[in-house]
Structures are given as structure tokens and as C-alpha cells.
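**Q** Chain by chain, the residues run as shown.
2 protein chains.
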Amino acid sequence: MNNKISEKVINRLTLYHCILSDYISKNIEVISSKQIAQLLHIDDSQVRKDINLLNNSGKSRVGYIVKELKSSIEKTLGFKKNKKAFIIGAGNLGSAIANYGNFTDYGLNILALFDNDPKKIGKIVNKMKIQEVSQLPLAAKDEEVDIAILTVPGKFAQSTADFLVKANIKYIWNFTPVVLSVPDDVQVWNENLMGNFLQFTYNI
Amino acid sequence: MNNKISEKVINRLTLYHCILSDYISKNIEVISSKQIAQLLHIDDSQVRKDINLLNNSGKSRVGYIVKELKSSIEKTLGFKKNKKAFIIGAGNLGSAIANYGNFTDYGLNILALFDNDPKKIGKIVNKMKIQEVSQLPLAAKDEEVDIAILTVPGKFAQSTADFLVKANIKYIWNFTPVVLSVPDDVQVWNENLMGNFLQFTYNI
Chain F
1 MNNKISEKVI
11 NRLTLYHCIL
21 SDYISKNIEV
31 ISSKQIAQLL
41 HIDDSQVRKD
51 INLLNNSGKS
61 RVGYIVKELK
71 SSIEKTLGFK
81 KNKKAFIIGA
91 GNLGSAIANY
101 GNFTDYGLNI
111 LALFDNDPKK
121 IGKIVNKMKI
131 QEVSQLPLAA
141 KDEEVDIAIL
151 TVPGKFAQST
161 ADFLVKANIK
171 YIWNFTPVVL
181 SVPDDVQVWN
191 ENLMGNFLQF
201 TYNI
Chain C
1 MNNKISEKVI
11 NRLTLYHCIL
21 SDYISKNIEV
31 ISSKQIAQLL
41 HIDDSQVRKD
51 INLLNNSGKS
61 RVGYIVKELK
71 SSIEKTLGFK
81 KNKKAFIIGA
91 GNLGSAIANY
101 GNFTDYGLNI
111 LALFDNDPKK
121 IGKIVNKMKI
131 QEVSQLPLAA
141 KDEEVDIAIL
151 TVPGKFAQST
161 ADFLVKANIK
171 YIWNFTPVVL
181 SVPDDVQVWN
191 ENLMGNFLQF
201 TYNI
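Sequences listed follow chains F and C, in order.
Here the first sequence stands for residues 1 to 204, numbered as in the working numbering.
Here the second sequence stands for residues 1 to 204, numbered as in the working numbering.
Excised from the complex, chain F in its bound form:
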């Protein structure tokens, strides 16, 4: 069943999950598809359709039971599969991601940051120590990490990617504005901020 869920649905389910977390923090126990739909400015039939894709049993007469719906989303999207990752580039963007809310809740376990700037090595960002990048290959092997979050400046993106490939990294979440050239067995996920911006503003 899982493989049938499209990227768009995954994206919406994650937004529902944010709303549900917020409801839980406010001690609200029930939510309707209409309430979710209004917050996201989408149609509530869409919300119901998405939720029908989950194995969700927490439906009451007045709406969905917040805690059960949240846990259904987590199960379906595999939040509990723990994925270990390193951040490469401890500048503003790398530090922002290291500090970013609740990645761990979503199964992303960032273990360390790496940089080549001696002034940064040893500093602590969100309880993680910034390490010298030459130590990455051994750390990746020891801790069985195959996901790298790439946040170096654009001009170092390709050479850093080459280095990561040699260190047996198999997935690169690429935040640089550069298209990376990697072997076929390595997957690059482009966090294409320009593309997103152009999508958003296309009809303004």
C-alpha cells in the first residue's frame, strides 16, 4: 500500500501532522477535515481522501481523534524508521538545519556536523560537535551513516560531493544551488529553493 502514496500526498500528510502536533500541544482532542482544510486553504474532500489512504481507525462522530490520526500518519510515512545523517558545512544553513525544530520526530537523526574551517571545529551546535571534515569517512563507517546533508558554499559543492561518494555516502540531500554529478548508485535529493520560489510566484 505504502508505495501508492504520491509525493504530493506525502507532503500534505506532513502538513496535517504539523497541525495535529499543534492541536496536541493545545490539548484539543478532535479535529475535522474541514478544520485542516481551512488552515491549508484546500478542499476538505481532499483532506478526507488523503486520510482514507491511512490505516486510521480514530474517527468519531465529530471528527478524527487527533492522537490516533497523528500516529496513523507516522506509521504510514515511516517516521519511526530511524535514518542517521551528517551535515557537511557548518555555516548558517548547516547550523539552521541542525537547530531546526523536530527532525528527530520525523525519523531524521542528525549525528554530527563537519566543516573544514579550523575556527568552527570543536564548537557545539544543538548538542552536536562540529568535526574536521577529514574525519567523516571513518565516522560514516563506524556509525553506519549513508545520508549527507550538503550545506557548503556552491563553489565547494561538487568537490565535497566527490569526497562524500568516496566515503560511501549513498544519499545526498543537496541544499547547494549546484547540480551535482555523482555515480549511478548515489541518489541526490535537490532542495531546489529557486525552483520552489518560482513555482510559488509563477502566477503572481
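A portion of the hints provided could be inaccurate.
[As the list claims (entries may be wrong)] If you want the ones that stay clear, here's a sample from chain F, every Cβ over 10 Å from chain C, calculated:
no.	residue
1	His-17
2	Lys-67
3	Pro-118
4	Lys-119
[As the list claims (entries may be wrong)] Covered by chain F, per the in silico footprint, the following chain C stretches (three or more residues, Cβ under 8 Å):
no.	stretch
5	39-49
6	84-96
7	103-113
8	188-201
[Claimed, not checked] Computed cross-link-like contacts, EDC-like style, restricted to lysine to aspartate or glutamate with a CA-CA straight-line distance of at most 16 Å:
no.	chain 1	residue 1	chain 2	residue 2
9	F	Lys-8	C	Asp-22
10	C	Lys-34	F	Asp-184
11	F	Lys-155	C	Asp-22
Quick caveat, the hints were computed from the structure, so don't treat them as lab data.
Cβ atoms here follow ideal geometry from the backbone N, Cα and C, with glycine treated the same way.
Starting from the known structure of chain F, arrange chain C on it as the hints suggest.
**A** Chain C only, in chain F's frame:
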């Protein structure tokens, strides 16, 4: 014609644009659909199909003329429509975006950063002065800015959004992990990092 281009195509065209910029910096004048396809690990028939959507005349016997293809993408996606924006929240994420490569090339003109932390006010990030957030409403009016890039911590996201709405901001590019509640005439673009990560890792 423009309205027929889907979000996925826009996203791919932006990646082609990154590749073309790189080719130009290396003084390479011609590129084939196959070269683009290989870098992105997609099918070259897909690349040709996307490029056929553009008014691109720069085709030679051996491939596309890099400069002309780049300019066709820019025209079609409206890179030259200048869009003015403010960043709200001058922490790591806001500073990273302010410093991020080449937004101006894509028509995004970030005019200023705002924060409420007295220690940050007056500091310069990428030639822009960090201003006290209370000055935003007047600045938005004076400079006719209606796009805000929201990079405050999650717990201040909704109250800041309310403040932006009052200041007549009509588009919020939301980098916080919070679903914002806004009136119908305000558009929120959620930069849903968790959602993207879950999409990427769904099949790992």
C-alpha cells in the same frame, strides 16, 4: 502557454538552469539533452519534452546552444519579473537565505532583514541591514513589498504571521515548521522540509 507548465516541470527547468549557468562559467557553448539527463539521472526524452515547452530557438545539430536555452528558460519562467521581499527572523536560517547564492538572478530581490533582538539590529548581512521588526509595516508600504520570508523560531511563527498580515503582506514564504492560520487573501507557501525529507526517504 505559461499557465500550462506544471510544478514538476518548473522544478526541472530550474535545475536545467543551474546546469546551464555552470556550463557558461566553464565556457561550454553547446549542451545535449543527454548530458542534462545524465546529471539529473532522468530520461533524456523527458528533458527534450520539457525544453519543447519553451520558445527556444537555439538548437544546433549537436545540441542546444547553452546561452539561448538559459535565456529561454528565464523568459518562460518569468525570472525577470522582479519580486521584492523581506526576511523576518535574522537567525541562522534567515542569514543563510540572505546569503544564498543567486536569488537575484531568479527575480527575487531581498531588500532587508527584520528581527526583534536588539543585539542583531544594525548588523549587516550580505549588504543588508538588520532592522527592528516594528519598522516593517512602514518599510513594506514605502517600498511596496508584499512578500515575506518567514524564518523565526516555530513558537513565534503564528504571532509574526498575524503581524505581517496587518502590515499588508500578501505572500508568506514559510520556513517554520508551523502551519499558519491567515485570511483568505493571504497566500502561504510552506517550505516543508520534513515533507521533502520524507518524500525522499520514503523508499529507502
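**Q** Work down the list of hints and note, for each, if the structure agrees.
**A** Evaluation of the provided hints:
no. : hint                      : verdict
1   : His-17                    : 8 Å, violated
2   : Lys-67                    : 18 Å, holds
3   : Pro-118                   : 20 Å, holds
4   : Lys-119                   : 16 Å, holds
5   : 39-49                     : holds (count 3)
6   : 84-96                     : holds (count 5)
7   : 103-113                   : holds (count 4)
8   : 188-201                   : holds (count 14)
9   : Lys-8(F) with Asp-22(C)   : 30 Å, violated
10  : Lys-34(C) with Asp-184(F) : 15 Å, holds
11  : Lys-155(F) with Asp-22(C) : 10 Å, holds
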